[in-house]
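Read top to bottom, the protein sequences are chains A and B. Residue numbering for the first sequence follows this note's numbering, starting at -8 and increasing by one per position. Residue numbering for the second sequence follows this note's numbering, starting at 249 and increasing by one per position.
Some hints could be false.
What the hints assert, rightly or not - Derived DEER-like restraints, expressed as beta-carbon distance ranges:
(1) Gly397/B <-> Val106/A: 50 to 60 angstroms
(2) Arg394/B <-> Leu281/A: 30 to 40 angstroms
(3) Trp455/B <-> Val102/A: 44 to 54 angstroms
(4) Asn402/B <-> Leu41/A: 50 to 60 angstroms
(5) Gly308/B <-> Lys198/A: 55 to 65 angstroms
(6) Gly88/A <-> Pro385/B: 45 to 55 angstroms
To be verified - Facing chain B, from chain A, some residues (calculated, C-beta under 7 angstroms):
(7) Leu55
(8) Ile144
(9) Pro152
(10) Asn257
(11) Asn258
(12) Leu281
(13) Pro283
In case anyone wonders, no lab produced these hints; they're calculated from the structure. Ideal Cβ placement from N, Cα and C applies to all residues, glycine included.
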Amino acid sequence: MLKLVANNTIVSEYEAVPGRVTSGPHGPKPRRILSRRNIVVYGTLIVVALYYLLPLYVMIMTSLKGMPEIRIGNIFAPPVEITFEPWIKAWAQACTGLNCDGLSRGFWNSVRITVPSVIISIAVASVNGYALANWRFKGADLFFAILIIGAFIPYQVMIYPIVIVLREMGIYGTLTGLIMVHTIFGMPILTLLFRNYFAGLPEELFKAARVDGAGFWTIYFKIMLPMSLPIFVVAMILQVTGIWNDFLFGVVFTRPEYYPMTVQLNNIVNSVQGVKEYNVNMAATLLTGLVPLTIYFISGRLFVRGIAAGAVKG
Amino acid sequence: MTSQTRGSARPNQWLRNLNAKIASIPMILTALVIFVGGTSWTVLYSFTNSKLLPRLSFVGLDQYVRLWAAPRWLISIENLAIYGFFSLIFSLVIGFVLAALMDQKIRFENTFRTIMLYPFALSFIVTGLVWQWLLNPQYGIQSIVRSLGWTNFNFDPLYNSDIVIYGILIAALWQGTGLVMCLMLAGLRGIDEDIWKAARVDGIPMWKTYVLVIIPMMRGVFITTLVIIASGIVKVYDLVVAQTSGGPGIASEVPAKYVYDYMFQAQNLGQGFAASTMMLVTVAIIIVPWAYLEFGGGRKRA
């Protein structure tokens, strides 16, 4: 009797787990592991994966070789003698123009650009999305529509007027100016992201808070913000990679001493003077790619969600 | 923080919802000053003969006439057309095929997806520089294949004016197909399992189901992807700068680079404005019909 009851509980527990209904044979027909279909599918995927990995592999290998080995060897061969010299040189000694203090300068510039840009753009866009979702006023939708259409306008069309505006404000060429530009061009997609997220939250919450007398900012900080941490993370991933990888705005809106890492990297690698040091170039390239790659590998699914949101709606 | 609606008399229209309006000031300024204002400004000044500084001395369509007579612009447009055509076709086909393979209930799906998507996290500058190295004729793929015995093997797209744009295309596809695959995969996952069952019951082969049933059902996903790829194509700039700097000669120039060079290096603002206006027109040609189909026409979309 007791056993039966126990058995019953187990069965019902199984049934409570979705997709584990245990009544007779179910699911697709079992397949042999080495069927022709599997060979084709996995074979293709593995070849494709190798193709995608190849440049990363070559980058790493080249950056760990000395120049003599690069000249005689082939780019796919692993280094005979591993050296970290190119990495040190790329970070601390590589030259752009007259400066020979390496990519480290660009790295710190990029940090000084990315951190405030990400914070400010997300702060502005989240409040904005919240206003659009919960506190609609007359004309708000029109401005929002202009904003979204604006996301499709090529940047080249708006660059020069922005240069003039920034010059009038006295911040053309400075980091402040560039941070403003990143905030502006991050706004369409981020606002859309936040607006859609906030609009998807249960309206009763908002109404209840209103009845209790909470105002615009109280509801934002006490209710909306704590409930939307995932979307803030998605927005952060989107912005950090986007701003770190930016080249055009960096080159247009800053002076050479403030050039972000991507611009400096391009200047180092594509400079015409001197002997080409391919190992240093690849080390520098890897260094620049390291920040977005780290974010990518850590964030995993959230990154996919971020770019899907960014791409589908942008 | 008190609510504005609490007053006894009917409050002023402008003060209603004041906080929301204050919060929207950045959006309103961006929309009006930068997007509408900036765009109109550039279009207006494209009809002037501004050189070093913008000046309002109108010359009609002169800048456009000069633009369409400039060999460099014509090469840019031709490159953009080739690059655009092939990157649309290849990204859609490769992206869809990969997504279909990934949708076969395979193991290690996450690993494969991670590998295919990682290039998308990298900037165009990094992408361009890596492929510049891989396509280096002296050390790269060409020399490897030659050392394997095919001594006549030629593959030096970055140093050959005729095919340089394909060298850029290879890099662009490496960077972007992972994203297309992800979008397509999301589309495939949205398709009802019963469709597959019905097709199997009817004995329709798998490829035929994809072509005749699944792809037509994914029309929306395809169109969205198309718009994303297309608006990215028009903007292509960093990749070319990093990979070839427009060379050899002017063989791999693109419109976005033309705009930048004329605005900030050749001190010929009028040309830059005219060229950027042409870019705007190109984007409008892509976006307007799509926006009309998706949102306009009073028709409910599927």
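May I ask you to test the hint 45 to 55 angstroms on the CB atoms belonging to glycine 88/A and proline 385/B?
Check failed, 28 angstroms falls outside 45 to 55 angstroms.
Answer holds if the nearest beta-carbon of chain B is closer than 7 angstroms to that of leucine 55/A; otherwise answer violated.
14 angstroms, violated
Between glycine 397/B and valine 106/A, does the C-beta distance stay in 50 to 60 angstroms?
53 angstroms, holds
Taking 7 angstroms as the limit, does the beta-carbon of isoleucine 144/A come near enough to a beta-carbon in chain B?
6 angstroms, holds
Going by Cβ atoms only, is asparagine 257/A closer than 7 angstroms to chain B?
Since chain B brings a Cβ to about 5 angstroms from asparagine 257/A, closer than 7 angstroms, the hint holds.
Has the hinted range 55 to 65 angstroms been met by the Cβ atoms of glycine 308/B and lysine 198/A?
58 angstroms, holds
Next item in the hint list is proline 152/A. Is there a CB on chain B closer than 7 angstroms to its CB?
Hint holds; proline 152/A Cβ to chain B Cβ min 4 angstroms, cut 7 angstroms.
Take the C-beta atom of asparagine 402/B and the C-beta atom of leucine 41/A, compute their distance, and say whether it sits inside 50 to 60 angstroms.
24 angstroms, violated
With respect to the beta-carbon atoms only, verify the hint that arginine 394/B and leucine 281/A lie 30 to 40 angstroms apart.
33 angstroms, holds
Using the C-beta atoms of tryptophan 455/B and valine 102/A, is the stated range 44 to 54 angstroms upheld?
50 angstroms, holds
How about leucine 281/A: closest beta carbon in chain B under 7 angstroms, or not?
10 angstroms, violated
Minimum Cβ distance from asparagine 258/A to chain B below 7 angstroms?
10 angstroms, violated
Hints 4, 6, 7, 11 and 12 from the list above are not met by this structure, while the remaining hints are.
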